[in-house]
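Respectively, the protein sequence lines represent chains A and B.
Going by our numbering, the first residue of the first sequence is number 1, and it counts up by one from there.
Going by our numbering, the first residue of the second sequence is number 1, and it counts up by one from there.
Hints were generated in silico from the structure; no laboratory data involved.
None of these values were measured; they are calculated from a predicted model.
The beta carbon of each residue, even a glycine, is placed where N, CA and C say it ideally should be.
One or more of the hints may lead you astray.
Unchecked claim - In silico lysine-lysine, DSBU-like type, Cα no more than 30 angstroms apart, as pairs:
1) LYS507/A - LYS436/A
2) LYS162/A - LYS209/A
3) LYS35/A - LYS162/A
4) LYS290/A - LYS370/A
5) LYS59/B - LYS394/A
6) LYS550/A - LYS126/B
7) LYS436/A - LYS93/B
8) LYS12/B - LYS436/A
9) LYS569/A - LYS550/A
10) LYS12/B - LYS507/A
11) LYS409/A - LYS8/A
12) LYS162/A - LYS194/A
13) LYS436/A - LYS59/B
14) LYS794/A - LYS587/A
15) LYS753/A - LYS569/A
16) LYS8/A - LYS135/A
17) LYS409/A - LYS59/B
18) LYS808/A - LYS794/A
19) LYS135/A - LYS69/A
20) LYS409/A - LYS367/A
21) LYS507/A - LYS524/A
Said to hold, decoys possible - Among chain B residues calculated to face chain A with C-beta under 7 angstroms, some are:
22) ILE15
23) PRO16
24) ALA32
25) HIS33
26) GLN36
27) HIS40
28) ALA41
29) LEU43
30) ASP85
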Amino acid sequence: MADPANTKLGRMLLDEITPVVMVLRTPLVEESCRKNGFSLIEMLAPFSNFNNIDVPVRTASDQPYRLRKFRLRLFYGSEVRQPNIEAAKERLKEVITFSGDKDISDLCSDPPDIESLIAISKQEMVPSWFQNFNKELIDVVAFSEHEAFDHPVACLVAVSSKDKDPIDKFVDLFNTNQLPPLLNDGAMDPKILKYFLLVHDNQDGMLEKASGILTEMRSAFGANDCRLLCINSSTDGAEEHQENLWASYKASISNSKQYGCFLNADDIEELRSTMHDFSSKHIIPHMELKIRVLNQQISATRRGFRNQIRNLWWRKGKDDAPENANGPMYTFSSIESQIRVLGDYAFMLRDYELALSNYRLISTDYKLDKAWKHYAGVQEMMGLAYFMLDQSRKDAEYCMENAFSTYLKIGPSGGRNATRCGIWWAEMLKARDQFKDAAGVYFRIPGEEPLHSAVMLEQASYCFLLSTPTMLRKYGFHLVLSGDLYRKCDQTKHAIRTYRGALSVFKGTTWRHIRDHVHFHIGKWYAFLGMFDEAIKHVLEVLPCGHQTKATQELFLREFFRIIQETGKTYEVLRLQLPVINFPLIKVVFEDHRTYASTAASSVRESLWQSLEEDMIPSLSVMKTNWLESQQKVLPKKYKESNVCVAGEAIKVDISFRNPLQIPISISNVSLICKHSAEFDETESDANGFLIDHQNDKELRAVSNSGEFSLDTSLFTLSEIDISMRGGETILVQLTVTPKIEGSLKVVGVRWKLSGSVVGICNFNSDIIKKKVTKGKKKPKQPVKDNLQFLVIKSLPRLEGIIDNFPKTVYAGDLRRLTLELRNPSKIVVKNLKMKISHPRYLIIADQEVMNSEFPTCLRKQESSSESCTQVDAARAASSLFVFPETTAISSETPLKWPLWFRAAAAGSISLYITIYYEMEDESSVITYRTLRMHYNLEVLPSLEVSFWTSPCSSKLQEFLVRMDVINRTSSESFQIQQLSCVGDQWELVLLQPVESVSPLEVLISGQALSCFFKLKNRRIRQSTEENTSSLATSGRADVKLVDGDSRGLYDTSISPFILFHHHERVHQERQEQGHGGTVDFILISESWSGSDAGLSRTTEVFSHHTCHCRVASKSPIWWSMNGPRSVRHDFSAAFCEINLSMTVYNSSEDVVSVRIVTLDYTPATNSATSAASVSGNEVGWHDTSQLSEIKVTSDVIGSRGGKAPSTDSVSPFIWSGTSSTRFNLEPFSSAQVPLQICVFSPGTLDLSNYILYWNLVSSSDGGHDVDGPKVSSGTCQGHSYHVAVLQKE
Amino acid sequence: MASTACFMIVSKNDIPIYEAEVGSVPKKEDAAHQHQFILHAALDIVQDMAWTTSAMFLKAIDRFNDLVVSVYVTAGHTRLMLLHDSRNDDGIKSFFQEVHELYIKTLLNPLYLPGSRITSSHFDTKVRALARKYL
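Use the sequences and the hints to build the structure in full.
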């Protein structure tokens, strides 16, 4: 550790605890000194400080030592008293204000980085004015009576040689009335050392007279105590001094020339020698002497065991004395005062050991006397003595602590002493690098004035900063505390300074209340000082304070607007956090070759459109080469990857704004910031320059109201939106920019106006946040930021398309005609129109003729209906790509109208996508084609639920019974069932009931169900295949009218749109597993029915319900029927009866089928085993092997089959004649006749069902049969029952 | 129950992840930031103290005027800090231990990212209940 004398506290003590000299002078002395511009004390001050006085000193011990540094403190007699508190306060305030004003200049700069702050040395960091302030604060408690070191040691009496009766003057000056109270009230010994100085002004001449007076003085006051001092020897008053001696003693000295101008080198030399003489020959010996005298005296009375006992005894007796805390309890003559004086003198002469021993001695006395102030003062000095001796730190600290707390204990009167003690204590700790403890001391120093506390807190904070390890958070906290106090005392500059220091700690902190507090207050104070730029910068930080209470948010916002208002300017603020922009939600929609009919269409995924347009647009590679070939010269390479947009067409940017506050805010003039440049090459640099301009120097800037954007309006137009947001709300805003001229356009950012006063700017690119640009690029590797860079090409035609009256909500099955309307606003003609629809099940393109016909009627059967449209145009139906006729040209005047058929195929929500492709006439453009994308959403509600149940009619070949169940699933709608149709030529449908009985109410109201039965015939079987063509003429039979008394014709299901929709339905409803033989498709047509006033209010709505692939056949591919006589008369008496029958077997499958007919002479049991066997011929393992012997066993089963078979017990009444097994092959879709014969033995009704047909598929010649593996390839069929009545012939 | 108390959990990166004013005195407007300041400054002390003892509960380590800061440091160096004005070391210790348990339960939640803000309302309710019980 360094020598205590060289520490800060050491120097302070050596300066402060020095002998005081009281100066008494006559006004004429002062006058002479004034000539030089200062008072007598000021003139003497430089010479009362000795750096190397080199005087041997011998105090109590016999060992003399040499004093190097010595200092006298000079005070006028009138000043030797307790200073005026108010004046002192004023002076302190001045010190602070003065230093505050000094460093205003760097208030604007950014707070220093905390690391660099630590790095710089201590001296630079801690403001230098603290020292002055501390000194002033210590001086406040000077000349207290309980301490002796401020008591004058000597008295310097100065009289001018011009004074009349100088000797009398000397006597008068030491008149008791003018002496300070300390001397008068007995606190100190009035008999002090006197030194008589005769000041002679050389300008007045008469040196002889002065010498005369001096001799007179010497005789009167003693030879040694008198001296003549000659000043003002220089006559011209232009004396120059090499170094300014007085500069360091008087702060206000600014111009060195004026001071000491009449003092020449001789004068200065004389001044110096006078003071040296005074101190070395008078003061120091006087003090030595006094120390020795007092020491002897004290040793005699107080030292030693006996004296101590006596003292204690005596003290005890004094205990009863009334408590008089601070009164002149101890006069100068009391032993306590003398010990104290001894200690102080020893301290001043650097004999700390002696001082300490005396302090120790007296402190117990004071303590016993409960003279707390004296006690504290002594403890304080003990601490300092320990410190100066550099021993026993603990004792030093203990003493200081003791003193400090004692001063505090005695109440307000000790406050200032406590302050001084605290400062010394803290300095002491600092000198020993105990910064943390020092900070604690500073913190404890009582602030009678908040201002003083502020300074103390600030000093404490610096201690935290200097401590190891650095306690930054404490540093910040105490700076903030101090700043608050500064502000309370109107020291705004200091407050800002401290807060700035704190900011370097709290910058970027996640402790939100701290951050808000610091930024808000510093911002407010900057505004108070009129530094609005800084103010706004800080207040901006606290604006998005969602975590604060509503009241605080309002306060912040109000303050912000107040500051803005005070500036009287419109501010543009980069990164205004109110409202917050949610970056990932930014979406850019622009139209290059893709155009959108509605915003809904633009939000659809690009891949969906691409898959839809796949075979419609020219393939990418082809397009690209064409594009390159034609445009290579015009386009720089980098623009190959930039977005293309068309002049005159808006680019839409969706931005979502979020209000982080709980209070509503209003935003106006929300618009995009764009940069347009006509040339391609300069764009990049130009745009960048603009950006740098934004990023670097201007966090915020004031703009004139006209704005620089007026210039740009010729290049592009921007949309402006005003919104008001409630607390916590998020609003999606769509902003548009419409470029007008070719070139390159960059969307730079967005700007808005908050509450009509602050313009916020958000730069998209500077905030590197991932933006999701949905319609961005085909190439994913392209950097994100270029998504806002557009290449503007000259204007192109842009088709506008709309479907009129597109329904939002429909019932399932609703069939409508819609009209697509295409407009071309531009003059340029477009060609090669193509169109594709995503869901042809719902929407198909009609023929243009349909436009002109009336809607529901045109669907009905007409005589003139041409046969051309009966066949499904398979290609057209499958591709769903529609090419408009070449002649179709759209000009601006007449929109193109094209009919569409719409049918709500199934219940649920559905999105329909329509894309229309067209090409430009103008080949030179970058874009040669465009697509118009349309998107519609609709909801389909369930309406009628139709189900069919078919069962083959056993008696007849290819006839089926059909049951139709219809349930109305709507909640309110009623329907009128119009018609049921079978699709295809080969079917014929007949209603089994009379028409009236089908639906007696004519309508099907909601929730109602309806069943009706039909007979279905397959016409193709009955008629030979070559007749197929002629069957078309009788196609009308496939429809059945289900409503009675309707004069209108049937709907023609063989024309479009029915047939087209039916095609899609078929494809949609396709079943995985198809049985053999035919399936049938039904179309049920109904109309909406609206009660009694039908036909009045609305047009008829037609509903069609398609049910496809209703299986009509069983699993087997073969059908057969038995033909023969139904009743035979025979004379059984003659012979048994032979009946010839024939069986027609039809193969309905597409393969050759091998059929074996086995006739049985018993009735096969219809138990489960056999029926299972009949289902499938594929079975493996155990199966029934129908043996003849089982006849008897199963005879009871025969009986169970009903009473049809005659109950001839054991013998069957007939037998099959001829071969029992016939095998033949059937070609696909062909039939064969098999003759059969039975022999009947007795009359009766016979059931000829005891035969079995075995079939198995003969695989077709090619090898493709493996494909449908699971298909059943063989099986068994039980014979149908066929009854023959054989009667006895009469 | 203490008349003023502010409880805070500070992650090992010195980021507050949970804060609650649990005092019985109605909340003052400027108290929130003052409490944050005091607790924030106390972190400096915790930094020194945490390594001098093996105990998790550091007792009252800092004071500001009449407010005392008690700290509990978990093994992961998450600090549970309580600013209070009444001396009740046993209660505070129990409070810390129970909150530590709650905090561990929160950590076990696979959806909770350690070091992120604790937003669970269940946690909040529990902490306040514990504060009523022990402080």
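The hints, checked one at a time:
no.	hint	result
1	LYS507/A - LYS436/A	holds, 23 angstroms
2	LYS162/A - LYS209/A	holds, 9 angstroms
3	LYS35/A - LYS162/A	holds, 15 angstroms
4	LYS290/A - LYS370/A	holds, 28 angstroms
5	LYS59/B - LYS394/A	holds, 26 angstroms
6	LYS550/A - LYS126/B	holds, 26 angstroms
7	LYS436/A - LYS93/B	holds, 27 angstroms
8	LYS12/B - LYS436/A	holds, 24 angstroms
9	LYS569/A - LYS550/A	holds, 28 angstroms
10	LYS12/B - LYS507/A	holds, 18 angstroms
11	LYS409/A - LYS8/A	holds, 28 angstroms
12	LYS162/A - LYS194/A	holds, 21 angstroms
13	LYS436/A - LYS59/B	holds, 20 angstroms
14	LYS794/A - LYS587/A	holds, 24 angstroms
15	LYS753/A - LYS569/A	holds, 13 angstroms
16	LYS8/A - LYS135/A	holds, 12 angstroms
17	LYS409/A - LYS59/B	holds, 29 angstroms
18	LYS808/A - LYS794/A	violated, 37 angstroms
19	LYS135/A - LYS69/A	holds, 20 angstroms
20	LYS409/A - LYS367/A	holds, 13 angstroms
21	LYS507/A - LYS524/A	holds, 17 angstroms
22	ILE15	holds, 4 angstroms
23	PRO16	holds, 6 angstroms
24	ALA32	holds, 5 angstroms
25	HIS33	holds, 4 angstroms
26	GLN36	holds, 4 angstroms
27	HIS40	holds, 5 angstroms
28	ALA41	holds, 4 angstroms
29	LEU43	holds, 5 angstroms
30	ASP85	violated, 18 angstroms
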